[in-house]
Structure formats: structure tokens, C-alpha cells
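Construct the complete structure from the given sequences, taking the supplied hints into account.
In case you want the letters, here they are:
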Amino acid sequence: LVAGRGYSDGERRVAGSGYREGSPQNGARSPGCAGPPFRFLQVQKVGAGGSVGLVRLQRPEALNALCEGLMAEMRRALDTFEADGQVGAIVITGSEKAFAAGADIKEMQNKTFQECYGGGFLAGWDCIATIRKPTIAAVNGFALGGGCELAMMCDIIYAGEKAQFGQPEILLGTIPGAGGTQRLTRAVGKSLAMEMVLTGERISAAEAKAAGLVSKVFPTDKLLDAAIGCAEKIAANSKLVAAMAKESVNAAFETTLTEGNRTEKRLFYATFATVSTGLAVGAQGEWGCGPPQPILCYQNDRKEGMTAFVEKRKANFTDS
Amino acid sequence: MAAWLRALLRRRVQKVGAGGSVGLVRLQRPEALNALCEGLMAEMRRALDTFEADGQVGAIVITGSEKAFAAGADIKEMQNKTFQECYGGGFLAGWDCIATIRKPTIAAVNGFALGGGCELAMMCDIIYAGEKAQFGQPEILLGTIPGAGGTQRLTRAVGKSLAMEMVLTGERISAAEAKAAGLVSKVFPTDKLLDAAIGCAEKIAANSKLVAAMAKESVNAAFETTLTEGNRTEKRLFYATFATVSTGLAVGAQGEWGCGPPQPILCYQNDRKEGMTAFVEKRKANFTDS
Chain B
1 LVAGRGYSDG ERRVAGSGYR EGSPQNGARS PGCAGPPFRF LQVQKVGAGG SVGLVRLQRP
61 EALNALCEGL MAEMRRALDT FEADGQVGAI VITGSEKAFA AGADIKEMQN KTFQECYGGG
121 FLAGWDCIAT IRKPTIAAVN GFALGGGCEL AMMCDIIYAG EKAQFGQPEI LLGTIPGAGG
181 TQRLTRAVGK SLAMEMVLTG ERISAAEAKA AGLVSKVFPT DKLLDAAIGC AEKIAANSKL
241 VAAMAKESVN AAFETTLTEG NRTEKRLFYA TFATVSTGLA VGAQGEWGCG PPQPILCYQN
301 DRKEGMTAFV EKRKANFTDS
Chain X
1 MAAWLRALLR RRVQKVGAGG SVGLVRLQRP EALNALCEGL MAEMRRALDT FEADGQVGAI
61 VITGSEKAFA AGADIKEMQN KTFQECYGGG FLAGWDCIAT IRKPTIAAVN GFALGGGCEL
121 AMMCDIIYAG EKAQFGQPEI LLGTIPGAGG TQRLTRAVGK SLAMEMVLTG ERISAAEAKA
181 AGLVSKVFPT DKLLDAAIGC AEKIAANSKL VAAMAKESVN AAFETTLTEG NRTEKRLFYA
241 TFATVSTGLA VGAQGEWGCG PPQPILCYQN DRKEGMTAFV EKRKANFTDS
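Here the protein sequences line up with chains B and X, keeping their order. Okay, so the first sequence: first residue is 1 according to full-length UniProt numbering, each after it adds one. Okay, so the second sequence: first residue is 1 according to full-length UniProt numbering, each after it adds one.
Note that these hints are calculated values from the structure, not bench results. Yeah, the Cβ is synthetic: ideal placement off N, Cα and C, and Gly gets one too. Be careful, since some hints might not be right.
[To be verified] A few chain X residues that face chain B, going by a derived Cβ cut-off under 8 Å, partial list only:
hint, residue
1, Val13
2, Gln79
3, Lys160
4, Met276
5, Val280
Set out below in C-alpha cells:
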């Protein structure tokens with residue numbers, strides 16, 4: 001139970017996991033997440049049937065500034081959710097005050113060019129961008145610099161009313177280094193992106209929605225519930241097909257419209273792939289009696305989805 | 001062909017607007033909320049080819065009913081298709097007819113534009129929406145993904161977050177949201193929508209068809225290449241609008257040369273020259289689509 005802010009229905013609380021606010025030393029251990037306890041994150045499964053992976057940044061003394069340790073834990077948490085057959089979508093959030101106020105400047109302060117280039121500084125941050133399951137950034141408070149870039153790596157951004165987005169790297173004598181100039185410009189257009197990147201100034205949640213950076217804005221205390229609700233809806237669909245849908249949308253940023261349409265069509269055709277013939281005694285219940293017979297199994301979600309639509313019943317996806 | 005069928009077809013596909021300059025295609029499959037079946041799309045290709053070849057038509061409006069522009073592709077048709085049938089038969093490949101047409105197209109969307117219906121609207125150059133229009137890509141709820149450009153055109157129109165949300169949840173947006181997000185350019189009351197779209201088409205059709213096709217090609221290049229290359233493409237097309245002022249005999253062509261022996265003269269034989277000259281001379285331009 002989130003302290004003082006319980007989810008609106010009992011289903012959202014993972015039984016017995018006692019979600020804890022408080023100091024990182026609590027080391028909240030996520031069910032099913034192996035390895036040492038997280039120091040900078042709270043990681044747990046929430047939502048209907050534990051279908052939503054929740055990662056909460058928890059480094060309050062630094063307004064969730066993204067240090068190497070935090071990002072290493074982020075990679076571990078995301079890899080775990082990626083491999084978990086129960087998790088259909090992932091929500092990344094921070095505190096009410098800050099999603100993430102930037103990269104850790106003390107860590108970066110004395111780096112040399114040689115250390116950056118040779119060490120591939122920030123390269124590991126791409127973990128959020130390469131994950132195949134859908135991701136939603138639930139942003140309350142500050143999402144600045146690396147924090148804004150982290151949110152923009154996610155597929156969907158929901159913002160709380162008081163959220164602020166910005167790329168203030170110029171004020172530190174540097175530039176965004178984790179995709180800020182690329183994703184911000186594609187989201188909000190040239191003029192606003194140039195203004196933000198060159199002045200370091202922030203925009204509000206309302207401005208971010210008007211500009212197309214975030215798709216919805218919620219009251220601060222309703223934001224996380226809303227993001228988990230969206231993730232539940234996504235997780236209710238076929239995970240296989242959701243990954244294909246996400247890949248297709250992302251192709252829009254990688255190639256021409258004509259080539260993107262080709263990519264989409266290839267993925268679309270693939271959703272029709274392989275209706276399997278074979279023995280299916282007992283698989284669907286109604287075939288439980290009599291000798292095994294070769295039959296068509298609805299072994300793929302596209303066929304199941306369309307058939308359910310035609311038969312006016314709920315689809316029963318199997319992520320295949 | 002039976003007279004009733006001719007009448008039916010006339011209502012679905014007709015020329016409207018000043019001087020019959022606007023081709024109107026109205027989807028009319030009410031029992032299926034205009035779901036796009038192969039037969040409908042074959043007729044669409046035929047109607048568009050006819051308008052493309054018609055020298056009188058300068059712009060095309062595609063619309064549906066008040067309740068639905070098109071509520072999707074025909075699911076019963078798709079339900080039992082295999083991958084082999086799709087790939088081998090190039091399923092949906094013929095739908096590109098709207099995207100490849102050279103004359104300007106306007107989608108006038110009232111009601112539902114979902115799945116293939118939304119993709120059809122987005123293939124058009126301009127989208128006008130009625131107040132109650134709804135746009136969505138609900139294919140994920142059927143266990144598939146958009147297959148006619150939805151993930152590509154929607155993302156380019158409304159940005160990543162909203163496109164991902166729509167494609168992954170299947171949820172719809174309203175006409176007002178679509179306008180705020182950049183998917184549609186104008187919203188009208190339901191009963192005024194078609195008139196407004198035809199009015200816009202008339203304005204487009206009043207210009208040079210030749211130059212309008214070049215303008216449309218140029219805008220579309222913005223989605224196909226880098227800014228630098230797109231600017232090159234635009235410049236080449238721009239220069240082309242200055243092409244070929246013809247010298248030659250022009251007795252009688254412009255009226256005022258009707259007397260006297262033929263003399264070599266400069267003819268205003270292209271629309272760019274005519275357009276700029278008309279502007280300078282403070283008169284209406286008389287385009288000849290050349």
C-alpha cells in the first residue's frame with residue numbers, strides 16, 4: 001500500500017508485498033527479482049494478476065538524480081520484467097517531487113573526454129529504449145536533463161499536473177547526451193525544442209501535453225493509478241502482438257514513410273502466421289472427450305482475437 | 001446495368017462543387033458501418049482512377065455517413081486468412097490507391113474512423129472532422145496490428161506518446177483531441193462537415209492542377225527523406241514551375257493576337273507565369289493546368 005495514497009481498488013496491491021516508502025536502506029526486495037536488494041529503486045509487480053511491472057526511482061536525497069548505480073539497478077529490474085511471463089507492461093515513476101532531476105553531476109564533473117569515449121559513458125542507459133515490452137513513464141515533479149531523457153525513452157508519458165520537463169544541460173556547459181535533442185525535437189517540434197535546449201528553460205505538464213510530449217495529464221495523487229490502469233489495459237492484450245505494434249510505431253522514427261509502411265505490413269502479415277494443425281485434446285475444454293483428432297487449434301492471438309470479435313466474446317490471448 | 005444500380009452508383013460517386021471540379025466518393029455500406037471489404041476497395045480504386053483521368057476534377061473528397069466514416073476493415077473477410085495467403089496475395093497492397101493518387105484528397109470524417117478507416121483517412125492529404133468524429137487504431141484488441149500505414153502515419157501526425165497509447169490500448173480520441181494533436185486540421189458541426197470539405201476542395205481545384213500535384217508531391221517528400229534532401233526536391237519542383245515559356249506562333253490563342261500575319265511571340269503557356277503576371281497586373285489568374 002503506497003503510504004497515504006492507497007490504490008483505488010484492492011486488486012492493485014500485490015498480496016503481502018507491503019510496498020514501502022522510506023529510505024533506500026529498506027531494500028525492498030521485489031517478488032521474483034533475484035540478486036541483491038535494490039538501493040535506488042523500488043521494484044514490484046502490481047495491477048490485475050501482477051501484470052504490471054513497477055519501477056520507482058528512490059534516491060530522495062538527490063531528487064532521483066541518475067547515477068551509474070541507479071541505472072545499473074534499472075537495467076537489472078527491466079531485464080527481470082522482460083523475462084517475466086506474467087508482466088505485460090512496465091511503469092517507471094519517481095516521487096511526487098521529482099521523477100528524476102538529472103544525471104548525477106558529481107559523478108560527471110571530473111570526467112575527461114577520453115574517459116567518456118573510451119568508457120562509453122551513458123551507453124548503458126539505452127536499456128529503457130531497447131526493452132520490448134511497453135513502457136509508461138509516470139512523471140510527477142521534475143523530469144530534467146537525464147530525467148526528461150529517461151521519460152522520453154519510454155513509449156508513453158503520463159504527467160502529473162505539477163510535472164516539469166526540461167533539458168537544462170546548456171546551463172552546465174554541456175548538451176543532452178541520452179537522446180534529448182533527438183526525442184524532444186521529434187515530439188514537440190523545432191522551435192520549442194530549440195528554445196528548451198538552448199535556454200535550459202522548463203515547460204509545464206499542460207504545455208507538454210499541448211506540444212505532444214505527453215499524452216495525458218492527471219492530478220498529482222491520481223497519476224500513478226492512471227498509469228498502472230493504462231498498463232493493465234495494455235497487458236490484457238497479446239504480449240507478442242504488443243511487441244510487434246511497438247516495434248512498428250518506433251519504425252516511424254527510423255526510416256522513410258514508404259519503408260516504414262513496408263515494415264508495418266511485414267509485421268502485420270506475421271500476425272497471421274502459423275495456425276497450427278495438430279492434436280488438441282483437452283486444450284480448449286470442449287475437445288476433452290473421444291479419441292484425439294487432428295484439428296485446427298487457435299494457437300495464435302490474431303486468429304483468436306478476430307474470431308472472438310466475430311463470435312462476440314472476450315478474446316483469450318495466449319501471447320503466441 | 002439496372003437503372004437503380006446506376007442511380008445508386010451516382011449517389012456514391014459524383015462530381016460536385018463549382019463547375020463539377022470536385023470528385024466526391026461517399027462510402028455506403030451502412031449494414032457494416034462502412035467496413036472496408038475487398039469489393040469496396042476495388043470500387044474505390046475504380047472511382048479514384050476515373051477522377052484522376054477527368055480533366056474537370058481538381059480535388060477529391062472522400063466521406064462516409066454521419067455515423068461512420070469507416071469502422072475498420074472487414075473482419076469476417078480477414079478472420080481465416082493465413083500468413084501464406086496474406087504474404088502471397090499481397091493483402092491490403094491495393095489499398096495504397098488513395099496514397100498514390102496525384103490529385104489532392106480530403107477526408108471528411110464524421111463518426112467512426114477506426115482501424116482501416118482511420119488509415120484510409122490518414123492516406124488522404126487533408127482531414128476535416130465532424131464534432132462527433134472518433135479516431136482509433138483498435139487492431140491490438142483483435143490480436144493484430146495496423147497493416148495499412150496506421151503505425152507510420154499516426155505517429156508522424158500525433159507524436160510518439162499518443163500514438164503508442166492509441167496503438168497499444170486500442171482507445172479512441174475525439175475530433176477535438178485529434179485537432180489538438182495535429183491529426184486533423186479543422187473540426188466542423190456534423191451537418192456542416194461535407195459542405196466545408198467540398199468548399200476546401202473547390203478552393204484547391206481553382207488553382208493549377210499541374211502545380212497542385214507538384215505542391216502535394218513536395219509536402220509528401222517531407223516524410224520520405226532528410227530535410228536537406230527534401231529541400232532539394234522542393235527546389236527542383238519549384239524550378240520546374242518556371243518551365244517552358246514557349247515561343248511560337250500564337251495566332252488567335254489569346255484573342256488579342258487574332259489579327260495580322262503570324263509573328264513569333266512569347267505565349268503565356270504556363271501557370272506559374274500566368275499566376276505571377278496576374279498578380280502583378282492585379283487581375284484574376286486564368287490557369288490552364290500547364
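These are the hints, each one checked on the structure:
At its closest, the beta carbon of Val13(X) sits 26 Å from a beta carbon of chain B; the interface hint therefore is violated under the 8 Å criterion. At its closest, the beta carbon of Gln79(X) sits 5 Å from a beta carbon of chain B; the interface hint therefore holds under the 8 Å criterion. The criterion of a C-beta within 8 Å of any C-beta in chain B is met by Lys160(X), whose closest approach is roughly 6 Å, and the hint holds. For Met276(X), the suggested interface contact is broken, since its CB lies about 30 Å from the closest CB of chain B, more than 8 Å.
At a threshold of 8 Å, the smallest CB-CB gap from Val280(X) to chain B is about 34 Å, leaving the interface hint violated.
Hints 1, 4 and 5 from the earlier list are contradicted by this structure; the remaining hints agree with it.
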